[in-house]
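Given the sequences, and given the hints that come with them, work out the whole structure.
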Amino acid sequence: MLRFLRNISVIIVLALAGALEGHAQFKEEAFTQTYNDTSDHSTSVADTSDKMFSFKELFGGLAHKQDLRIGTMFGGSLFLPGISQIYNRQYWKLPIVYGGIGALAGAGGYYLHKYNVSKKNYEAALAAIPEGAVDVSISPGIDYRAKQTGTWLLVGAGLVYWGTLLDGAINYKPTEHPHPGRATVYSILLPGLGQAYNGEYWKIPIYWGCLIGSVHYLYTNNINYQRFKRIHNEATTDPSYSGSISAETAVWYRDVYRRYRDYSIVATALFYLLQVIDANVFAYMHDFEVGDDISMDIEPAIIAPNNAYAFNMMPSAGIDNAIGIRFGIRF
Numbered sequence: 001m002l003r004f005l006r007n008i009s010v011i012i013v014l015a016l017a018g019a020l021e022g023h024a025q026f027k028e029e030a031f032t033q034t035y036n037d038t039s040d041h042s043t044s045v046a047d048t049s050d051k052m053f054s055f056k057e058l059f060g061g062l063a064h065k066q067d068l069r070i071g072t073m074f075g076g077s078l079f080l081p082g083i084s085q086i087y088n089r090q091y092w093k094l095p096i097v098y099g100g101i102g103a104l105a106g107a108g109g110y111y112l113h114k115y116n117v118s119k120k121n122y123e124a125a126l127a128a129i130p131e132g133a134v135d136v137s138i139s140p141g142i143d144y145r146a147k148q149t150g151t152w153l154l155v156g157a158g159l160v161y162w163g164t165l166l167d168g169a170i171n172y173k174p175t176e177h178p179h180p181g182r183a184t185v186y187s188i189l190l191p192g193l194g195q196a197y198n199g200e201y202w203k204i205p206i207y208w209g210c211l212i213g214s215v216h217y218l219y220t221n222n223i224n225y226q227r228f229k230r231i232h233n234e235a236t237t238d239p240s241y242s243g244s245i246s247a248e249t250a251v252w253y254r255d256v257y258r259r260y261r262d263y264s265i266v267a268t269a270l271f272y273l274l275q276v277i278d279a280n281v282f283a284y285m286h287d288f289e290v291g292d293d294i295s296m297d298i299e300p301a302i303i304a305p306n307n308a309y310a311f312n313m314m315p316s317a318g319i320d321n322a323i324g325i326r327f328g329i330r331f
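Taken in order, the sequence shown gives residues 1 to 331; the numbers are from our numbering.
Check the hints yourself; a few may be wrong.
Below, in silico cross-link-like pairs of lysine to any residue (SDA-like), each with a Cα-Cα straight-line distance of 25 Å or less [said to hold, decoys possible]:
{"id": "1", "residue 1": "K229", "residue 2": "S244"}
{"id": "2", "residue 1": "K93", "residue 2": "G71"}
{"id": "3", "residue 1": "K229", "residue 2": "K203"}
{"id": "4", "residue 1": "K147", "residue 2": "P130"}
{"id": "5", "residue 1": "K147", "residue 2": "L112"}
{"id": "6", "residue 1": "K56", "residue 2": "D67"}
{"id": "7", "residue 1": "K173", "residue 2": "A107"}
{"id": "8", "residue 1": "K173", "residue 2": "W208"}
{"id": "9", "residue 1": "K93", "residue 2": "K203"}
{"id": "10", "residue 1": "K65", "residue 2": "L165"}
{"id": "11", "residue 1": "K114", "residue 2": "L104"}
{"id": "12", "residue 1": "K229", "residue 2": "S214"}
{"id": "13", "residue 1": "K147", "residue 2": "N222"}
{"id": "14", "residue 1": "K93", "residue 2": "L112"}
{"id": "15", "residue 1": "K203", "residue 2": "L193"}
{"id": "16", "residue 1": "K229", "residue 2": "V215"}
{"id": "17", "residue 1": "K203", "residue 2": "L189"}
{"id": "18", "residue 1": "K119", "residue 2": "A107"}
{"id": "19", "residue 1": "K229", "residue 2": "I245"}
Calculated directly from the structure, the hints in this document are not laboratory data.
As the structure is a computational prediction, the values presented were derived from the model and not from experiment.
Laid out in structure tokens, this is it:
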């Protein structure tokens, strides 16, 4: 695992080093975008990195005294569902939000409690059976149906919560399209949705393929890890163990599949994060102005002592003027 992270770090450092060495000439107008201009507090303002979240801004937006950034609205909705609906002035949705989440979560908790009670009663009854008794049936048994019902009800409550967040992002009204904040929230809530919002549909199969593949290997590697972990525990704790796999072999495969499982977790997280960053960056850059002319100029140049720093040399080292080649790429 450490070796894998070290290799990733080396790749990132090399990529950054290459980026620092590259030079391109853009139109001057390209650097006058007003995405982060917060002077007018308009809804077209994208989220900035100087202040990720502000309660003052949140409460001001809920009171409709100022406009909220979509990041602030989304962050508030994570902790208190319904904030997005209040800011968007869709108050009629609040009973649906709170009623749906409350009813499903409450019913799910009731059925899971019912399952736990049945399991506790069954274990108590089983412990009360005299030792050596045979053909003893305990009724009622564990209510697994209640466990399944409760689990699905909690999943339903989670889906209502997720739908509340998505609804808030959909009804947020920015003035420009695509809006970087909305694209980011879309990708956080559903991988690929930000790419669809940006009109880059061809990227969706790529990201979904990477995520599905990573999750698949995560699932299979975890199953094999749990299998060999169980075999190793049996081989080392059960004197009557007579399996075909020895404890040494089991521990070797256990460690291998645990390492592969960890790699799969890292890959899943990286692909998920990559598609979020991709949606945000390409929403920002959708109208980034680049010159139509593509050219490369190569010309002789005199390297003077005042720019000797480009070669890690200092004028005090006695370096005189030298003749070299200068080239530039314009696109």
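To test your reading of the hints: which numbers does this structure violate?
3, 4, 7, 8, 9 and 14
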